[in-house]
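Order-wise, the sequence lines are chains X and C. Going from the first sequence to this note's numbering is simple: count from 1 and add 102. Going from the second sequence to this note's numbering is simple: count from 1 and add 1.
Heads up, some of the hints might be wrong.
To be verified - For lysine-lysine, the following BS3-like pairs were computed, each having C-alpha atoms within a straight-line distance of at most 27 angstroms:
1. C/Lys151 to X/Lys294
2. C/Lys26 to X/Lys352
3. C/Lys123 to X/Lys245
4. X/Lys467 to X/Lys381
5. C/Lys157 to X/Lys242
6. C/Lys157 to C/Lys123
7. X/Lys294 to C/Lys27
8. C/Lys26 to X/Lys252
9. C/Lys12 to X/Lys245
I should point out that these hints are in silico values taken from the structure, not numbers from a laboratory. Remember, predicted model here, so these are calculated numbers, not experimental data.
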Amino acid sequence: MAAPISVLTKELRENPRLADIDVYIAQGGYKTVEKVLKSMTPEDIVNEVKNSGLKGRGGAGFATGMKWGLCAERFPLYLCVNGDESEPGSFKDRLLLEGNPHRVIEGMIITCFALKINLGYLYMRGEFFQIIDQMEACLKQTKAHGFLGKDILGTGFDLELYPQAGAGAYICGEETGLIESLEGNRPYPRLKPPFFPAAIGLWGQPTIVNNVETMAQVERILDMGAEAYKQIGSADSTGPRLFGMCGHVKKPGIYEYDSTVTIRELIYDVAGGIPGDRKLKGVIPGGISAPILTPLEIDVPAEFGAMGKIGTMGGTGGMIVMDETTSIVDALLNASSFARHESCGQCTPCREGVPWMNDILRRIKEGKGRSEDLELLLDICVQIHGRTVCVFGQAPGVWPVRTMIVKYWPEFKACIDQKRLVVLPVDESYLKPDQYEFVPPVPGNFRLKPEAVAAAGG
Amino acid sequence: MALEFSPEARKRADEILSRYPQDRKKSAVVPLLHLAQEEWGYVTPEAMVCVADMIGCSPVKVAEIATFYPMYNKQPVGKYEIHVCHTLPCALTGCAEVLGYLSEKLGLQPGETGEDKRFTLKKIECLAACDRGPVMLVNKTLYTNLTPEKIDDILKSLE
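Bound conformation, chain X alone (with noise of 0.2 angstroms):
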């Protein structure tokens, strides 16, 4: 079983009023940008970062070392850092935010001197009303001690960051939406290709947007050096992992663990076990897009890679743990309202076929499922899948969607046939593993076979 570690929680589980810069500089905070401004190049900060391995904490798992690599030396450049957090089952940057802001600081520093950028937006979602107040005052202090202005500790590096509050929109959170908002439009996502932000961005200008997480996983890999944050975690997902376990587990909160735990071990030995130790349903292991797991495969390390093999994703890390009486049905109606709510409207594919969904789910629970109603569900996210201007479509669109239907197959059946809400036991309510495949690369591309489904009555 791995061991716990506290690489980035370890000061703010000690010390809870690190918001305090005086406290934050007290047990040693701002050294690590005093150390990487006045004795190292951008370049070598990009070249560590690259060699850290790191990959972006915002839910696709991109290695952030290469995004800054594509950014376009066209001045002047910005970095706008993303918390928009609203992935339902995520909850770690609510907690760096919250707990550790000015470590998210210092990394949005190191980015900036790094990548020759005099200006950056950190984007919280709306709703985070407390957290952006702290954090506004936070960047007063920072100013105030130097770190942030003109002239920074006499290296001549010039820099403002500032807070930028959204106003309750989930598609925010996608990188070009976030810009959209930032520059006062309706934030419907760009299409890319062929520009993405690195190239064309704020103002059509270069922008480097990164996780919350992203920017303390920096900071800690220029405070450590890149070798020794490597050795933590797998070559595939190098450093430290916050997992938030949620749902149905006995100890709810974030864990700070190195990859190679698995979710069983998340579930059983981290989080404590499910309450009333009752019997495991499924578990959405990184924020909702990501599709789910049954019981039988959760002996799984969460890494990005290996995850990613399965059918499924790292994503935020956020885990959804839900038992033996969940009914998959009415879970999966919550994820297609949430979408449905969601959707920002853009494309038309994402716009009708997201509530058309969300329709036939909410009938098949309410005991008026018609027995075409699984085969045109799958129908409709083929119709969505890669036809829409973002992955929002796709991710908490389809991908939810369609995995559920597949591995539950069974458990939709009996709502259908039986014309009322249905939870089967639960060791009846998923099909095993070999009576689906999953189609690479994208995430949640499952499908039955045919065998499966004639052995589960048609």
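For this one, chain X is given, so just place chain C on it according to the hints.
For chain C alone, kept in the frame of chain X given last:
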């Protein structure tokens, strides 16, 4: 009659506007609409005109933004706006009971505002506090691990 921010709000607005390059003031539209909502309780067409004047764009551009985001109220709401999270993690930990309890206690269905304008009850999507569900936001304050007893205490504290 044209609306104008109070001197304090105007000062705050100027500080917000200073965060963006000179020719990019439109970026302030989201924070300025928040400010307008704080100032007048909800966002009226007149408030949209006021914000449009400040950032130098047409009112319809501001309306486009104000009508997109769910956090802006276009109608008056109660003194206390209660948002109960109903997304999956909170659903698994009992948000339906919380919503039902509040609904009965306040005599309001989700989406309604009481005649005395004290409370507005709403459902909201995930508030990113999933380890402490069920959760709700009352104006700017997050309340977690809700039970009927806890809700009674919270409501009492709002009297």
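Now for the hints, and whether the structure bears them out:
no. : hint                 : in the structure
1   : C/Lys151 to X/Lys294 : violated, 48 angstroms
2   : C/Lys26 to X/Lys352  : violated, 49 angstroms
3   : C/Lys123 to X/Lys245 : violated, 39 angstroms
4   : X/Lys467 to X/Lys381 : holds, 22 angstroms
5   : C/Lys157 to X/Lys242 : violated, 36 angstroms
6   : C/Lys157 to C/Lys123 : holds, 19 angstroms
7   : X/Lys294 to C/Lys27  : holds, 24 angstroms
8   : C/Lys26 to X/Lys252  : holds, 22 angstroms
9   : C/Lys12 to X/Lys245  : holds, 20 angstroms
The structure does not agree with the numbered hints 1, 2, 3 and 5 stated previously, though it agrees with the rest.
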